[in-house]
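J.: One-letter residues, chain by chain:
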Amino acid sequence: MEQDFMVEPDLKFIRDMKKAGGDSLKKCFQCATCSVVCKLTPDDSPFPRKEMIWAQWGQKEKLMSDPDVWLCHQCNDCTTNCPRGAKPGDVLAAIRNEAFTHYAFPSFIGKMLSRPAYLPIIMAVPVIILLAVVGLFGEWEVPVGEIIYANFYPELAIDATFLSFLFFALISLGVGLNRFWKAMVERHGQAGLMGAPVPNLLAALPTIFAHSKFRTCDEGKERYYGHLGVFYGFVGAFAASALVMVGYWGFGIHTPYPTISLVKLIGNLGGAAIVIGALIVLVKRFSYTKGSTGYNDWVLIALVLGLGVTGLATQFVRLADMRGIAYPTYLIHLVFVAYLFLYLPFSKMAHIAYRTVGMTFARQAQRDLLVSDEVALEAKTAVVK
Amino acid sequence: MEKKIGIYICTGCGIGEALDIEKLSTMAGNSLGASVVKTHHFLCGEEGIKLIEGDSATEGINTAVIAACSNRVNFDVFSFPNAIVERVNLREHVAWSHTPNDEDTQMLAEDYVRMGAAKAKRIEFSEPHIEEDISKTVLVIGGGITGITAALEVAKAGYEAIIVEKEAQLGGFMGKMHKRLPMAYPFAKLEDTGVDAKIKEVTEDPKIKVYTSAEVEKIAGQPGMFDVAINTSGGAVDTRVGSVIMATGWKPYDASKLGTYGYGEYPNVITNVMLEEMAKGGRITRPSDGKPAKNVAFIQCAGQREEGHLPYCSSVCCLTSLKQATYVREMDPDAKAYIFYKDIRTPGQYELFYKSAQDDEGIFLTKGNVTSINEDGLNNLMVEVEDTLLGGSIRVGVDIVVLATGMVPTTADEAVLNLQYRQGPGLPDLDLYNGFADSNFICFPFETRRTGIYSAGAVKMPQTISESVEDATGAALKAIQVIEAVSVGKAVHPRSGDSTYPEFFLQRCTQCKRCTEECPFGTLDEDEKGTPQPNPNRCRRCGICLGACPERIISFKNYSIDMLASAIKAIEVPGEEENKPRVVAFVCENDAYPAFDMAGINRLNYNPSIRMISVRCLGSVNTVWIADSLSSGVDGIILIGCKYGDDYQCHFVKGSELANYRMEKVQETLNRLVLESDRVQLLQLAINDYDKIPSIIGEFMEKLEEIGPNPYKGF
Chain U
0 MEQDFMVEPD LKFIRDMKKA GGDSLKKCFQ CATCSVVCKL TPDDSPFPRK
50 EMIWAQWGQK EKLMSDPDVW LCHQCNDCTT NCPRGAKPGD VLAAIRNEAF
100 THYAFPSFIG KMLSRPAYLP IIMAVPVIIL LAVVGLFGEW EVPVGEIIYA
150 NFYPELAIDA TFLSFLFFAL ISLGVGLNRF WKAMVERHGQ AGLMGAPVPN
200 LLAALPTIFA HSKFRTCDEG KERYYGHLGV FYGFVGAFAA SALVMVGYWG
250 FGIHTPYPTI SLVKLIGNLG GAAIVIGALI VLVKRFSYTK GSTGYNDWVL
300 IALVLGLGVT GLATQFVRLA DMRGIAYPTY LIHLVFVAYL FLYLPFSKMA
350 HIAYRTVGMT FARQAQRDLL VSDEVALEAK TAVVK
Chain V
0 MEKKIGIYIC TGCGIGEALD IEKLSTMAGN SLGASVVKTH HFLCGEEGIK
50 LIEGDSATEG INTAVIAACS NRVNFDVFSF PNAIVERVNL REHVAWSHTP
100 NDEDTQMLAE DYVRMGAAKA KRIEFSEPHI EEDISKTVLV IGGGITGITA
150 ALEVAKAGYE AIIVEKEAQL GGFMGKMHKR LPMAYPFAKL EDTGVDAKIK
200 EVTEDPKIKV YTSAEVEKIA GQPGMFDVAI NTSGGAVDTR VGSVIMATGW
250 KPYDASKLGT YGYGEYPNVI TNVMLEEMAK GGRITRPSDG KPAKNVAFIQ
300 CAGQREEGHL PYCSSVCCLT SLKQATYVRE MDPDAKAYIF YKDIRTPGQY
350 ELFYKSAQDD EGIFLTKGNV TSINEDGLNN LMVEVEDTLL GGSIRVGVDI
400 VVLATGMVPT TADEAVLNLQ YRQGPGLPDL DLYNGFADSN FICFPFETRR
450 TGIYSAGAVK MPQTISESVE DATGAALKAI QVIEAVSVGK AVHPRSGDST
500 YPEFFLQRCT QCKRCTEECP FGTLDEDEKG TPQPNPNRCR RCGICLGACP
550 ERIISFKNYS IDMLASAIKA IEVPGEEENK PRVVAFVCEN DAYPAFDMAG
600 INRLNYNPSI RMISVRCLGS VNTVWIADSL SSGVDGIILI GCKYGDDYQC
650 HFVKGSELAN YRMEKVQETL NRLVLESDRV QLLQLAINDY DKIPSIIGEF
700 MEKLEEIGPN PYKGF
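Heads up: the protein sequence lines correspond to chains U and V, in order. For the first sequence, the residue numbers in numbering that gives the first Met the number 0 are 0 to 384. For the second sequence, the residue numbers in numbering that gives the first Met the number 0 are 0 to 714.
In short, the hints are calculated from the structure, not lab data. There is no bait here: all hints are sound.
Short, incomplete list of chain V residues facing chain U, as computed with Cβ under 7 Å: (1) E360; (2) L388; (3) L389; (4) S392; (5) V395.
If you're wondering where the values come from, they're calculated on a predicted model, not measured in any experiment. Beta carbons: idealized from backbone N, C-alpha and C, even for Gly.
Hey, can you work out the whole structure from these sequences and the hints?
T.: What follows is the structure in structure tokens.
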């Protein structure tokens, strides 16, 4: 812990955190119940207690360069047990939301994403781009004959559009993550860092894929299953999309694929996992009254649910030959996908990258020992004793 | 008036089952000089009361010895006009606490009836002492919110009040305040003080006379007839009042002693009172250059709870700083207020106010020790705080530092009242309360050790406006109560309604001054020779003077040296060969006696050798009673009374302490006479200690057994 530092609370940052879902942050009176009940925190300088006082005192730099907030999976054990209703789980989520905006490149998109007022503009951008592409390369009239979405939005155009989106997103994300990493290293200092980033990243991956930290939550048990479903649902959906692309460019296979095919199986399982997972999260959000759900949370849940539902619906209306609504459904699905790609670095969806980086750094700074590691360590010490 | 004594023995509530009533009434009839001795199974019932009243009408019985239950119950039932009533406690102290139908229990009952009869014979009819020219006006010293409220409450109750205020206008500190604390749920919004409306109410009230720029020069006399000299800007005013409310409030702690915080050195270090006055002016600025103060640091407990400064917590400074931080933020939404505290103390509902202030994004709270305050060349201040909640030491740059200095009572270094009393002009022994005009009269708030003078508000203890208002209301009722009591010649608490008073047989006075010095309430003045001059209206009827007097010239009509001495002599002390020791217990009527009652109610058994004598206060026990007891062959003596010392529980403040002092002297004397000093003991017993009574008595009896019987037995 730093000694003797100058404190200049950032009022605007406090207001932003309050807007980003942390409106209860001032209520904390530092009893540390949160850190005691938290199963994910390291013993040394545990979170979320210190983050709560930093938040109260508007310590933006500290929070933005704090790897610990990324070790939090918002189980809400802390929020459930907080005697003051300070909702540490929500506050840490708000801090993470602030990080997306803070590190966003270009930063104005980050700001727009975090404010409900800009939602119409944010939504209009992908819609306009997609409509323009349809206008230029696609079929404006509802095509006759079998419903083939590629007739409406050509396969080449799909790949061109979405690969550009992805390219933009990756560049933007890269810049943001680089800033984030530098900030963490600068504040932490080189001393005490163990190993290089890449090995630590590789070591962190099993935790991420197994959700092994998330699984230790008490209060958020159901959300673990929900998140796991959404996570592997996306893996499936991306795998299916990638296979389609490989099929098109490598083997000249055109869509639609037969309903009984590996690609379809992977895609459909993924879609179903996304919808079921998102519904679990949604139900949990509604039934958990001690914490609150902010704008960023709702947008992400709507996005995930929308992606899954419109994806499955697109296929369903095609098979049911509901030509009246088939192409609009497809367009809506594309809008959701575009939103996901375009705004990946700025929305809460970016947590997939920030959390990975945060966890990697935490590992490097030896703050993210796996529970199993700790158990092993304890066992070892016990044997030595 | 010639006394005709009737002895009435009740056999109800288990008394009849535990005692041989026939033997008891035969004894009473044969040897106690009573005109009638009767028994009844339900004496406090209608029939029982009629029995006594009938005897009064037909036989002329005017003194009733009622051998039944404790005098703490049924006192309203056994109350007969123009008759003396002496209660003998056969229920709680005999039947309920000793083995039934036992020889020792029977002897105990017989002794108690004999003692009761002996006392009854010596109780005299008394007339209350009523002074003429009683004034029913209440003097209120101090015109702050406490004084204003007290005067208004007095006036509302139909009495007249005089306010004496030192400053040119009423209002006190409340008048200097910008805002006051929230007063209603959700305790979040600051309120206007409303002091102007209060002042208007006072000045328009025809029953309230206000002197501003005035001071009380002196107060002489006694409740109902205090003669007050007031110095006003228009000259001296002499007036008579019935009682006094001291509402002189507080002063801020002298900040010049707080050089460690840069006060006096840096212009931008100010006190909470200075900030309040500045805010009332409309703008919060840096004293150094008049620029707006956007960053304000509050340092709690500045010169409080600290060695070399005030040792106590002023209880309002946390609230004040939270209030000030709140309006700093209200006046400028971009301002920042820091509060550094040892621990935040916001009693009662004000926890909600603390929460509301804490919720403000621009109020920053942390515990911590302020280690230094420094100034740069531009009068900007840098505060260094260590051991904070942020996990270490922090530095904060601010425009002004506000020291939350504490409250010092006006009584800390001034007499204030300027009493013309033999014991001095102020209230005694306030060191115990750090100079505050408080008392630990647990059950008697507002009391001071000067009868008819009540303290309220921040002079009594640090408190908020709301608390002061409540305090003032209570004190106003007390001030009225004492006037009404003295106008009919009755005592105020704790012996409320007692119409007896001490009388002095001054021909035998040796001017030793013990009574004038030892009276806890400064009742007695002295003439030039040192002869006591009683002021009955100041008297609380504790009898401490009676206990002090070596010449035994002080007595009450129903409580005197002679009366209790004869009760002691009425105890039949068995000869040494019978191996039945006897102990006289002087038991304080305030806590110890009711504790014995409770022991009885709980059917606790204790040694039956004890003979209890109820006394008004242990301080009223005259050493001659000890001598009388020992010479009558009693083996041991215990005095059981309230706790003494700094955390005393004595209802007359000094009684048990004085008794202890006197008993030490008695023990020295006993040692000189080669009589075992352990025969005399003083015990402190709280009312809730009743369960310890059997073991306390048991231990004393064991000790007596070791010592052996009183060698004077049988002489």
